[in-house]
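Novice: Spelled out from the first residue to the last, the chains are:
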Amino acid sequence: MRLTFDKSDERFREEVASWLNEKLSGEFSKIKYRGGPGDENAFIDERKSWEATLADGGWIGIGWPIEFGGRGASIERQVIFHEEYARAGGPGRIGHIGETLLGPTLYEFGTRSQCERFLPGILEGREFWCQGYSEPNAGSDLANIKTKAVFDQSTNRWLLTGQKVWTSLAQESDYSFVVARTNPESSLHKGLGFFLVKLQQPGIEIRPIRQMTGTAEFNEIFFNEAVCNAENVVGPPEEGWKVAMGLLGFERGISTLGQQMLFQNEFDAVVSLAKENGSAKIPELRTRIAEAHIGLKIMRYNIMRVLSGFSDAGELQPAALISKLYWAKWHRNLGKLAMDVMGPEGEFLIDTPYELGRLQSLFLFTRADTIYGGTNQIQRNIIAERALKMPREPRG
Amino acid sequence: MDFTFTEEQLLLRDSTRNFLTAEVTPSRLRERWKSHDVADNDLWEKMLDMGIISATIPEELGGSGLNSVDFVLLAEECGYVALLEPVVYTALVVVPLLCELEGDFPRELLSGLVRGDYRISVACPFTGLVEDADTSAFVLKFNSNKELVACSVTDAELSQIRSIDPGRRVFSLKECESGKVLMGNNRFEFLHEFLINSMAFANAAQSLGLTQRMLDLAVNYSKDRHQFKKPIGSFQAVKHLLANVAIKLEFAKPSVYRAAHSLHHGAPKRSLHISHAKIAACEAASLAAKNSLQAHGAMGYTWEYDLHIFSKRSLVLSATGGDLGFHKARLLDSLFSDDFQLGPTATFS
Ligand SMILES: Cc1cc2nc3c(=O)[nH]c(=O)nc-3n(C[C@H](O)[C@H](O)[C@H](O)COP(=O)(O)OP(=O)(O)OC[C@H]3O[C@@H](n4cnc5c(N)ncnc54)[C@H](O)[C@@H]3O)c2cc1C
Numbered sequence: 001m002r003l004t005f006d007k008s009d010e011r012f013r014e015e016v017a018s019w020l021n022e023k024l025s026g027e028f029s030k031i032k033y034r035g036g037p038g039d040e041n042a043f044i045d046e047r048k049s050w051e052a053t054l055a056d057g058g059w060i061g062i063g064w065p066i067e068f069g070g071r072g073a074s075i076e077r078q079v080i081f082h083e084e085y086a087r088a089g090g091p092g093r094i095g096h097i098g099e100t101l102l103g104p105t106l107y108e109f110g111t112r113s114q115c116e117r118f119l120p121g122i123l124e125g126r127e128f129w130c131q132g133y134s135e136p137n138a139g140s141d142l143a144n145i146k147t148k149a150v151f152d153q154s155t156n157r158w159l160l161t162g163q164k165v166w167t168s169l170a171q172e173s174d175y176s177f178v179v180a181r182t183n184p185e186s187s188l189h190k191g192l193g194f195f196l197v198k199l200q201q202p203g204i205e206i207r208p209i210r211q212m213t214g215t216a217e218f219n220e221i222f223f224n225e226a227v228c229n230a231e232n233v234v235g236p237p238e239e240g241w242k243v244a245m246g247l248l249g250f251e252r253g254i255s256t257l258g259q260q261m262l263f264q265n266e267f268d269a270v271v272s273l274a275k276e277n278g279s280a281k282i283p284e285l286r287t288r289i290a291e292a293h294i295g296l297k298i299m300r301y302n303i304m305r306v307l308s309g310f311s312d313a314g315e316l317q318p319a320a321l322i323s324k325l326y327w328a329k330w331h332r333n334l335g336k337l338a339m340d341v342m343g344p345e346g347e348f349l350i351d352t353p354y355e356l357g358r359l360q361s362l363f364l365f366t367r368a369d370t371i372y373g374g375t376n377q378i379q380r381n382i383i384a385e386r387a388l389k390m391p392r393e394p395r396g
Numbered sequence: 001m002d003f004t005f006t007e008e009q010l011l012l013r014d015s016t017r018n019f020l021t022a023e024v025t026p027s028r029l030r031e032r033w034k035s036h037d038v039a040d041n042d043l044w045e046k047m048l049d050m051g052i053i054s055a056t057i058p059e060e061l062g063g064s065g066l067n068s069v070d071f072v073l074l075a076e077e078c079g080y081v082a083l084l085e086p087v088v089y090t091a092l093v094v095v096p097l098l099c100e101l102e103g104d105f106p107r108e109l110l111s112g113l114v115r116g117d118y119r120i121s122v123a124c125p126f127t128g129l130v131e132d133a134d135t136s137a138f139v140l141k142f143n144s145n146k147e148l149v150a151c152s153v154t155d156a157e158l159s160q161i162r163s164i165d166p167g168r169r170v171f172s173l174k175e176c177e178s179g180k181v182l183m184g185n186n187r188f189e190f191l192h193e194f195l196i197n198s199m200a201f202a203n204a205a206q207s208l209g210l211t212q213r214m215l216d217l218a219v220n221y222s223k224d225r226h227q228f229k230k231p232i233g234s235f236q237a238v239k240h241l242l243a244n245v246a247i248k249l250e251f252a253k254p255s256v257y258r259a260a261h262s263l264h265h266g267a268p269k270r271s272l273h274i275s276h277a278k279i280a281a282c283e284a285a286s287l288a289a290k291n292s293l294q295a296h297g298a299m300g301y302t303w304e305y306d307l308h309i310f311s312k313r314s315l316v317l318s319a320t321g322g323d324l325g326f327h328k329a330r331l332l333d334s335l336f337s338d339d340f341q342l343g344p345t346a347t348f349s
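Residue numbers (the numbering used here), protein chains in the order written: chain Y, 1 to 396; chain L, 1 to 349.
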């Protein structure tokens, strides 16, 4: 156990901080604090060029291994980066699905040439990715995927037909990784492939779905013989499930580091509002703010504990299984606390037709935290069955 | 000691429910969102004809003379459909307040309400904001001298404030200081508390209905939606989510009915009872909003799905009429006061 950062890490912190401060003071100052949860549609173009700027600074993929174009940064340095990013008010990342989910999956499961083709686009902040997993009838039961992929020998391409749903940021993305059924006879997690699909093509239609925040961060994607070249299938075409699950491991583990650092900003906003509007004097709210503080600290200690284990063993420990559930619940409670701290003023929008303030967005968006990336109920099943090795629930 | 409602009270509830569920559908509410700036006059007229609006006005003035115990069930039904028209505030806040006052003018106002000549709204004692001010002829409020006045809306400058609840029409009023004085400031303390109590009670009763609605939506969805080849309602985790809401709801009900009774009888501890009811009912609604959404998965998070109509309404009802912090603090003050009665014989006090 070592609970401090060493000297060279602190120098790294200064480097990150001064770079961010400089870059966020010019043309990008208007996107500071923007594009976060519930505000994903704000300043899309500016945030895309911000990604390219980040890439120029060498700040995308800092945790990736050096051989794949990353910096091989330690967990400590990744934490420092995300802390400083949050402190500087860095805008919501459009590139995070590529950077934190697809990239690691590719260097773990992909071929050399797949890495050469797709990793640079991510590292350079040029190509944006979305996650094509869920379907109308495959939510928690992800293995019930019906989108089918048929191999066309003559052209050496796969043709995908079917529908994905709830795909975040699809309308802003260039590619989607798509899980589809390659073997029509198969069921559950057998006979699925993991495809890297270009979105701008005739066989694909994307329709935004409006959320209760009034914005449309997620979409439906319709595939009608959409094309995917044979070389863009990750892993064997009938064994994509393994790849898909590997990616989920990243989703529930290290990828949320950046997000969790933002929690401190949100918590601070709630505390300062409470001081300002007198809520801090109300016993009920004082108690809940104290609880939120305790939860936040526990969460950060735990993520450090889990991630340091991760760097040793190369694989998530059982303790990692609890983190998605814990932060999602904490965050949802913070959203409610924020509304209660706002009091009667909490209902007022900041603009027509339906523009939410920061804490209102927080409140509504955190209602999704306990759903995406595996619902709380599914997370508890995972904890019970994988960490505690309890008997599996009867399914299907 | 009897918590049951009479046959008559239940019949009235049923007919109100039938009317409201047929008329106030989610699609009609959504239509209203589009035309933010106009009230649904047609609906108001119908409710006037039905006598819901004048339900609590004394019989000698042409109303039905219902009390808060009679009306609580109707308020629940209004909550169930997320009614946008300020029917519950009219019946449970404006009318009782006017009935508290002496003199001819308040009686005249009540008669005008019965005839449907105009509407009357009331300013929130916490924020000063007024629901549906634009369709009202008068707004009841306290002026800076702490006198209760009836301001004529035509003299005021209104600006509409957009709410997180998309259909809600709420206004801030400027230049509305003067108006006919209804009551001097010697009764300010009493009337101020009276106003808070009536609003809190109105919100609590509607919250029960909203809770039921969100629960119904989730229970139905959990029967239809299949995952792992089974209805999701067959999974214990989903069952428990919704059973917990049912428990909160059923246990909130008697506290709201208790408050209705206290209000009706002017019980000395009515403020305590109302705070209790507001907390319990709004907590039930808050749990329903959270758990029903959870049971729906991503579907419940969409704009097109109706759940958010009800969850956003319940949020607003919880934040207004005294929020959770206010009512918990008021409850604690009362509990810790020296004359607070403790012990088994005080169960129902
Ligand atoms: C904001 C947001 C963004 C999203 N972004 C993406 C994205 O980019 N890409 C993508 O592929 N997907 C995305 N999703 C979809 C998300 O992964 C699914 O919503 C999630 O997996 C749940 O599936 P479902 O919505 O179909 O709910 P369902 O699976 O229908 O679940 C409904 C309820 O049943 C419960 N339940 C289901 N099965 C069980 C069981 N066996 N035991 C106990 N309880 C059970 C659930 O916990 C839930 O309470 C997003 C969702 C949201 C809300």
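Warning: the hint list may mix true and false statements.
Dumping the calculated DSS-like pairs for lysine-lysine here, alpha-carbon to alpha-carbon at most 25 angstroms [to be verified]:
id : chain 1 : residue 1 : chain 2 : residue 2
1  : L       : 230       : Y       : 146
2  : Y       : 190       : Y       : 275
3  : L       : 290       : Y       : 329
4  : L       : 328       : Y       : 275
5  : Y       : 389       : L       : 223
6  : Y       : 389       : L       : 229
7  : Y       : 336       : L       : 239
8  : Y       : 336       : L       : 230
9  : L       : 328       : Y       : 148
10 : Y       : 146       : L       : 328
11 : Y       : 336       : L       : 290
12 : Y       : 190       : Y       : 336
13 : Y       : 190       : L       : 239
14 : Y       : 146       : L       : 229
15 : L       : 180       : Y       : 190
16 : Y       : 148       : L       : 229
17 : Y       : 281       : L       : 328
18 : L       : 180       : Y       : 329
19 : L       : 174       : Y       : 329
20 : Y       : 389       : L       : 290
21 : L       : 229       : Y       : 242
Think of the hints as simulated: they come from the structure by calculation, not from any bench.
Note that the structure is a prediction, hence the values are computed from the model and not measured.
Novice: Is the straight-line distance between the alpha-carbon of residue 190 of chain Y and that of residue 275 of chain Y 25 angstroms or less?
Specialist: Roughly 55 angstroms separates the two Cα atoms, so the pair is violated.
Novice: Take a quick look at whether residue 146 of chain Y and residue 229 of chain L sit within 25 angstroms of each other, Cα to Cα.
Specialist: holds, 14 angstroms
Novice: Regarding the pair residue 180 of chain L and residue 329 of chain Y, is the alpha-carbon distance no greater than 25 angstroms?
Specialist: violated, 52 angstroms
Novice: Holds or violated: residue 146 of chain Y with residue 328 of chain L, Cα cutoff 25 angstroms?
Specialist: violated, 51 angstroms
Novice: Does the structure keep residue 389 of chain Y and residue 290 of chain L at a Cα separation of 25 angstroms or less?
Specialist: Cα-Cα ~29 angstroms, so violated.
Novice: Does the alpha-carbon distance linking residue 229 of chain L and residue 242 of chain Y stay inside the 25 angstroms limit?
Specialist: holds, 22 angstroms
Novice: Given the hinted pair residue 174 of chain L and residue 329 of chain Y, is their alpha-carbon gap at most 25 angstroms?
Specialist: violated, 42 angstroms
Novice: Residue 230 of chain L and residue 146 of chain Y were given as a pair; does the straight-line alpha-carbon distance stay at or below 25 angstroms?
Specialist: holds, 17 angstroms
Novice: Would the hint linking residue 180 of chain L and residue 190 of chain Y be met if the CA-CA limit is 25 angstroms?
Specialist: violated, 78 angstroms
Novice: Take the C-alpha atoms of residue 336 of chain Y and residue 239 of chain L, compute the straight-line distance between them, and say whether it is at most 25 angstroms.
Specialist: It holds: about 23 angstroms lies between the C-alpha atoms, which stays within 25 angstroms.
Novice: Given the hint that residue 148 of chain Y pairs with residue 229 of chain L, does the C-alpha gap stay at or below 25 angstroms?
Specialist: The given pair, whose Cα atoms are some 19 angstroms apart, holds under the 25 angstroms limit.
Novice: Given the hint that residue 290 of chain L pairs with residue 329 of chain Y, does the C-alpha gap stay at or below 25 angstroms?
Specialist: Distance ~11 angstroms between residue 290 of chain L and residue 329 of chain Y Cα, so the pair holds.
Checked against the numbered hints given earlier, this structure breaks hints 2, 5, 8, 9, 10, 12, 13, 15, 18, 19 and 20; the rest are met.
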